[in-house]
Amino acid sequence: MAAIGKMWKHSTVRLKIGFFGVVFFLFLGFVVYLVPHDDPTLFDMWNVYAPPSRDHFFGTTALGQDIFWLLINSIRNSIIIGVIVATIGTTVGVLVGLTAGYLGGKTDRVLSAVTDIFLVIPSLPVLILFTSLVQGGPTTLLMALAIAIFAWAAPARQMRSMTLSMREREFVHTARFSGENAFKIITTQILPYSLTWTLSNFMNAVLVAIGMEVTLAILGLSPATLMSLGNMMRVAQSYNAALLGHWFWIGAPVVASVFFFVSLFMFITGYNDYLSVKRGR
Amino acid sequence: MKASRYILIRIVMWVLTIWMGVTLIFIIPRLMPADPIQNMIAMMEHQAGPMPAAEREAMVAQMQRQFGLDESLWNQYTSFLLNGVLRFDFGPSLMNFPTPARDIIFRNLPYTFGLMIVSLIVSWTIGNIIGLLAGFRKDKLSSKIMESIAIFIYPIPIFIIALVFQIVLGFVLGWLPISAVIFGEVWSAQWISTLIRSAALPMLTLVVLGLGWWIISMKALSMSTAQEDFVMFARYRGLSEGEIGRKYVLRNTVLPQVTMLGLSMGGVFGGSVIVENVFNFPGVGRLMLIAVGASDFNMIMGGVTITIIAVTTATLIVDLLIPFIDPRVRRS
Amino acid sequence: MIKIENLSTSYKTIHGDVRVCNNISFDIYENEIFGIAGESGCGKTTLLKALYDLIDPPLQIDEGRVVLNGEKNGEPYSFASGNIKNAWWNNISYVPQAAQSVLNPITRLKSHFLDSIPKERRKMESKRETLDRVQKYLEELNLPPDILEAYPFQLSGGMRQRAIIALATYMSPDVILADEPTTALDVVVQRGILMLLMRLQKQLKNTLVVVSHDMGVHYQITDRIGIMYSGSFAEMGRTDDVFRNPVHPYTQMLVAALPKVGDKSAKVGIPGRPPPLTDPPQGCRFAPRCPLAKDICHADVPAFKEVYRDRYAACHFIGENISEVSLV
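Protein sequences appear in the order of chains A, B and C. At position 129 of the first sequence the residue is numbered 129 (our numbering), and the sequence of numbers has no breaks. At position 237 of the second sequence the residue is numbered 237 (our numbering), and the sequence of numbers has no breaks. At position 186 of the third sequence the residue is numbered 186 (our numbering), and the sequence of numbers has no breaks.
Treat the hints with care, as some may be off.
Stated by the list, open to error - Below, a list of computed lysine-lysine pairs in the DSSO-like style, where the Cα atoms sit at most 27 Å apart:
hint, chain 1, residue 1, chain 2, residue 2
1, C, LYS305, C, LYS267
2, B, LYS247, C, LYS123
3, C, LYS72, C, LYS12
4, B, LYS247, C, LYS119
5, C, LYS136, C, LYS205
6, A, LYS16, B, LYS140
7, C, LYS12, B, LYS144
8, C, LYS3, C, LYS205
9, C, LYS136, C, LYS72
10, B, LYS140, B, LYS247
11, C, LYS136, B, LYS247
12, C, LYS110, C, LYS136
13, C, LYS267, C, LYS85
14, B, LYS140, C, LYS85
15, B, LYS2, A, LYS106
16, C, LYS202, C, LYS3
17, C, LYS119, B, LYS140
18, B, LYS247, C, LYS12
19, A, LYS9, B, LYS140
20, C, LYS110, C, LYS72
21, B, LYS140, C, LYS12
22, C, LYS3, C, LYS305
23, C, LYS119, C, LYS205
24, B, LYS2, C, LYS205
25, B, LYS144, A, LYS9
26, C, LYS3, C, LYS85
27, B, LYS247, C, LYS85
28, B, LYS247, A, LYS16
29, C, LYS119, B, LYS138
30, C, LYS110, C, LYS123
31, B, LYS247, C, LYS110
32, B, LYS138, A, LYS9
33, A, LYS16, B, LYS2
34, C, LYS260, B, LYS138
35, C, LYS12, B, LYS138
36, C, LYS202, C, LYS72
37, A, LYS9, C, LYS12
38, C, LYS123, C, LYS72
Think of the hints as simulated: they come from the structure by calculation, not from any bench.
Build out the structure end to end from the sequences listed, making use of the hints.
Spelled out as structure tokens, the structure:
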């Protein structure tokens, strides 16, 4: 508890705002979600374009769907996709980076080359190909997997350079000379040390993944039945909600996305600043 | 000596990247749980009504032959590399039968690259200048405001920025077309003027998005460079802050930013795909989405392959600039 | 030449102010090599920063000032803390630690020379003329003139440091400050650098201030030396005199610990560590490590007073009976 208090004291305004923003969205997606509500995918043709009211906080869509609950479900699903992708991406990235950085030599050269290649290949065309082939609409999990193909390279690169610099540190040398095996050194010495940065990588992967889902959804390549921020915007856009002035319909996912992305980004950069200040001392 | 080695390594990496990319493209359709041909036929049936079983069988066989799916996997792979990657031959476009997919893609590619290159040059230049000032004079109020704006803009999905511009500048103020309309003979005055008007909003969107990134990265870079010993020593020698900013901080931060420019090509292409679709701009991104909608498999494969090669080549060209601006790569 | 008047500096930290230079007053003369010696953390680099007016937060001057007087091209000048910056490079210059990478990695050496020339002067002659003069200057110093076309990474550590010294002396300043100019260079190269500094000082007849923790460096080149301990001077005087006849117990132990030719006795270091500057002891700062310390040493701070002509020390027992204090 004291440690958290200390961390709080040394964190920047940016980190605090970002932290509260992220917590707020987690609250929306995982606590508010639990409040019993009707399935927002259901149509209600008697109740289209309803204005905001007690029953429908943000009104309804052209199909009579409740915008508020649509939004809550979308936030939840977007976060889940982000977390799935980030978990796969960060795990693979950390493993590749650690192996390349620690073993060095030929292994390192091959792994680094593959990592660099994946950083350069434009991901969107490949994802377009992938999602277009499953016309029935890819499942959410399948799409998360597809996004994860490109999510591991950036963490791998950072992990590799961290491991390289750490390999030369005193305590790792000591462990190596006292006969510890490589696996043990990595898991007991290097990994815990770099875990704080891994968290930052993880958050970043979440951000990138949610952004990618929004992009794919806008292009009509996300599963059509999936309630996500991107799909909400696409459907609203296809009904010309903005041009017709249905502000809540298009506005809710847009405003939510902006605040969610900005607070996640502030949280990441604030956390990185906090880490480098801590290391610097 | 070292420069030629550097160039050689870059070229080898370029070849490897293209190879890895197209191999991925080759593997993905064959890994899919659903057969793309069955998918396509289902699509056709959906549009034109069910067809008799015999006709259906014949159609499947014909398509398999057409896509070379009746051959061994290795033969399929080598013919894909040979015809697709080296000759850009992907067969006829199904939606514009019998025009080769390649011809249509190459007709659209300049629009996408024009959009990308102009917006990159503008956002890279302006973003780096603002970022340099924000990082080098980090205590000034204007620097803090600039950085806050960048932090606010950068993480926003590009679609939202495009949408806001479309509504505000196109719809509410009516200054620019909300949807691209380009007509007239290529290079005629009419063509140029309609192109400029149509490209304005897509370009503005890409520039704004790029600005956020270049400001943030340049600010971080120039802040850490400003702490370097050689900047301190320049100050001790009585150089003016302007001179230090230009000759010491800027020159040392431009190098990593050029490398970053190369790496950002893929992302900028992704941004271009979005704005092309929002504003109906006739680039490859728009073309590919139309092809997806029409189940034009040849066009999709061709578009994806050619864009991967094009984007990777653009990255290579930027990388090859580095020996010219970094003496450490050039000599020693 | 340089007058240091009652100078106190401190670093502002979140744990409060840390006093690093404590009430320092002394003069550095024209045409001499003055050495500042001491263990790391004793405040010698901070003192040098104050001399060069590099007072940026968190460092601040609490009290006193540094005054730089002299005459250049027949015109007298006077600068004090706060505006010494205006004298940089023209009247006073700075040679940084050899370990640092102080040259712009991606520009040639010649542009460093051109950059350092004050703006008003640059208009007076063309680049070509300036470079010709720089070239001649390098030849005078026995440095290969083609290093001007080289990038910093193409030079060896020793050559780089020589080039930096040439850069710092090209405008013939009256004062040159050198902060650990040979640290991190190998011994043979070190000697060359020291010789170059000495030669330049003889040629320019100016003031050279050398900060080093290496007593050997001071013995080789300095005319006068000040020994710092925990934020102020323990002893100051002519270098040969200080080495031959140290009066402060700290200096005595320091000199006794130096290796000498033909001496086979085991060398012992000074037991203990310098006190933390965040929490200095009362009285004489050296008292906790001093074998001669008495009650007075733990209570009162000894004054930095003249022992005899040009010889100063801060010890309670000096003047009473120096020989009794002597450990050697």
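Status of each hint after checking the structure:
1. C/LYS305 to C/LYS267: The given pair, whose Cα atoms are some 30 Å apart, is violated under the 27 Å limit.
2. B/LYS247 to C/LYS123: 19 Å, holds
3. C/LYS72 to C/LYS12: Cα-Cα ~37 Å, so violated.
4. B/LYS247 to C/LYS119: Given that 27 Å is the threshold and the Cα spacing comes to 15 Å, the pair holds.
5. C/LYS136 to C/LYS205: At roughly 20 Å apart (the allowed maximum being 27 Å), C/LYS205 and C/LYS136 satisfy the hint.
6. A/LYS16 to B/LYS140: Holds. A/LYS16 to B/LYS140 sits at ~23 Å (cutoff 27 Å).
7. C/LYS12 to B/LYS144: 24 Å, holds
8. C/LYS3 to C/LYS205: 18 Å, holds
9. C/LYS136 to C/LYS72: 22 Å, holds
10. B/LYS140 to B/LYS247: The given pair, whose Cα atoms are some 21 Å apart, holds under the 27 Å limit.
11. C/LYS136 to B/LYS247: 26 Å, holds
12. C/LYS110 to C/LYS136: Answer holds: C/LYS110 to C/LYS136 is near 13 Å, not above 27 Å.
13. C/LYS267 to C/LYS85: It is violated: about 44 Å lies between the C-alpha atoms, which goes past 27 Å.
14. B/LYS140 to C/LYS85: It holds: about 22 Å lies between the C-alpha atoms, which stays within 27 Å.
15. B/LYS2 to A/LYS106: 21 Å, holds
16. C/LYS202 to C/LYS3: The hint holds at about 22 Å.
17. C/LYS119 to B/LYS140: 26 Å, holds
18. B/LYS247 to C/LYS12: 32 Å, violated
19. A/LYS9 to B/LYS140: 25 Å, holds
20. C/LYS110 to C/LYS72: 25 Å, holds
21. B/LYS140 to C/LYS12: 22 Å, holds
22. C/LYS3 to C/LYS305: 17 Å, holds
23. C/LYS119 to C/LYS205: Given that 27 Å is the threshold and the Cα spacing comes to 26 Å, the pair holds.
24. B/LYS2 to C/LYS205: 46 Å, violated
25. B/LYS144 to A/LYS9: Roughly 22 Å separates the two Cα atoms, so the pair holds.
26. C/LYS3 to C/LYS85: 16 Å, holds
27. B/LYS247 to C/LYS85: Status holds; Cα separation ~21 Å.
28. B/LYS247 to A/LYS16: Violated: B/LYS247 and A/LYS16 sit about 37 Å apart, past 27 Å.
29. C/LYS119 to B/LYS138: 26 Å, holds
30. C/LYS110 to C/LYS123: Cα-Cα ~17 Å, so holds.
31. B/LYS247 to C/LYS110: 13 Å, holds
32. B/LYS138 to A/LYS9: Answer holds: B/LYS138 to A/LYS9 is near 23 Å, not above 27 Å.
33. A/LYS16 to B/LYS2: 47 Å, violated
34. C/LYS260 to B/LYS138: Status violated; Cα separation ~53 Å.
35. C/LYS12 to B/LYS138: 20 Å, holds
36. C/LYS202 to C/LYS72: 17 Å, holds
37. A/LYS9 to C/LYS12: 19 Å, holds
38. C/LYS123 to C/LYS72: 20 Å, holds
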